[in-house]
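Single-letter residue listing:
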Amino acid sequence: MLSKSKIFFKGIVAVLPHMLSVIPFGIITGAIGVELGFDPILVYATSLIIFGGASQIIFMQLLSGGASSLVAITSVGVINSRHLLYGAVLSEYLEKLSFIKKLIISYFIVDQGFAESNRYLRQNKNLSNPHYYVLGTGVTLWFCWQLSTISGIILGSFIPEELGLKFAIPLTFLAIIVNDLRKLDHVFVMLVSGFASLMLFDAPFKSYIILSPIVALIAAFIMLRLKK
Amino acid sequence: MTWLSIIISGIVTYFSRMAMVALIDREMLGTKVKEVLNYVPAAVFPAIIFPGVFFNDFGLFVEITDPKIYGAIVALVIGFYSRSVIATIVSGLLSYWFIIFFLLR
Chain W
420 MLSKSKIFFK
430 GIVAVLPHML
440 SVIPFGIITG
450 AIGVELGFDP
460 ILVYATSLII
470 FGGASQIIFM
480 QLLSGGASSL
490 VAITSVGVIN
500 SRHLLYGAVL
510 SEYLEKLSFI
520 KKLIISYFIV
530 DQGFAESNRY
540 LRQNKNLSNP
550 HYYVLGTGVT
560 LWFCWQLSTI
570 SGIILGSFIP
580 EELGLKFAIP
590 LTFLAIIVND
600 LRKLDHVFVM
610 LVSGFASLML
620 FDAPFKSYII
630 LSPIVALIAA
640 FIMLRLKK
Chain B
420 MTWLSIIISG
430 IVTYFSRMAM
440 VALIDREMLG
450 TKVKEVLNYV
460 PAAVFPAIIF
470 PGVFFNDFGL
480 FVEITDPKIY
490 GAIVALVIGF
500 YSRSVIATIV
510 SGLLSYWFII
520 FFLLR
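In order, the protein sequences belong to chains W and B. Under the working numbering, residues 420 to 647 are what the first sequence spells out, in order. Under the working numbering, residues 420 to 524 are what the second sequence spells out, in order.
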């Protein structure tokens, strides 16, 4: 049986490759905040309090562009509502925890950590302390996110823009799902989501980020019904 | 005012992370819902990937010759056969850089 620290360590290792995109993205987020004219402390506060890359950038861009607080907050809420889906999936592995532990671990639920935890825990269903894996991924991503936004705030965008490192973001997420391309039902759901996102891209408050998954999950539901 | 907005945004975001983990009892979700939840990664991540590849910074469709498309195809093929996260990301970036720094110069 794996000890708690071993499981935690496995979680850390699982998300390390994603640092290729997380760290540049963090630096860019910090640098953009300062460029937009926000106080450095305030920019960092978004990393600590909101802790969600894309939503932090949108939040600061909206406010600096003169949008109302309500619009900025709504956008953050809409973009981050995808965590509800992550929570619903991960709750299977976290349900035995005490309420307090659930409250703490929730703060560390992030895209890449969710994806890697989901992948590993699904194959290791009778692991005794699965939450240590989730924590290992989440804490690692948290530290790297904090450090990289801080360096972006202090040093500015020291990564040359010509490198186009923004492209690493779709690549990280591609790496997460590429293995599921072996399953036709998953491919179908991916295509529905992808095409929905292209069509809904201009929907208000960046809502394509949650609307496309909803459309895709409805498609999955219908597909499962038809299969039976 | 900005501080207040950050704090409210933080609370909203934290709620989205915590609600399904701490407030919802799994018994409440039916078997059908649980089955559909298997597809969450397949449903969420393409909505980030597709716009990232097919749209430019201004939210317009890129041309069919855009380096991002070829980088993504290379990453897809390499990732599919290698099953490695790092190989997927690195191959995508390297092929993308190869196109923009060598082929397009």
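Rather than coming from a laboratory, the hints here were simulated on the basis of the structure. Some clues are possibly wrong.
[Unchecked claim] Now the stretches of chain W that chain B is said to cover, found in silico as 3 or more residues with beta-carbon under 8 Å:
# : stretch
1 : 522 to 529
2 : 544 to 558
3 : 611 to 625
The model shown is predicted, which means the values in this text are computed figures rather than measured ones. Every residue gets a Cβ at the ideal spot worked out from N, C-alpha and C, and that includes glycine.
Structure-inconsistent hints, enumerated in ascending order = When the structure is compared with the hints, only number 2 turns out to be violated.
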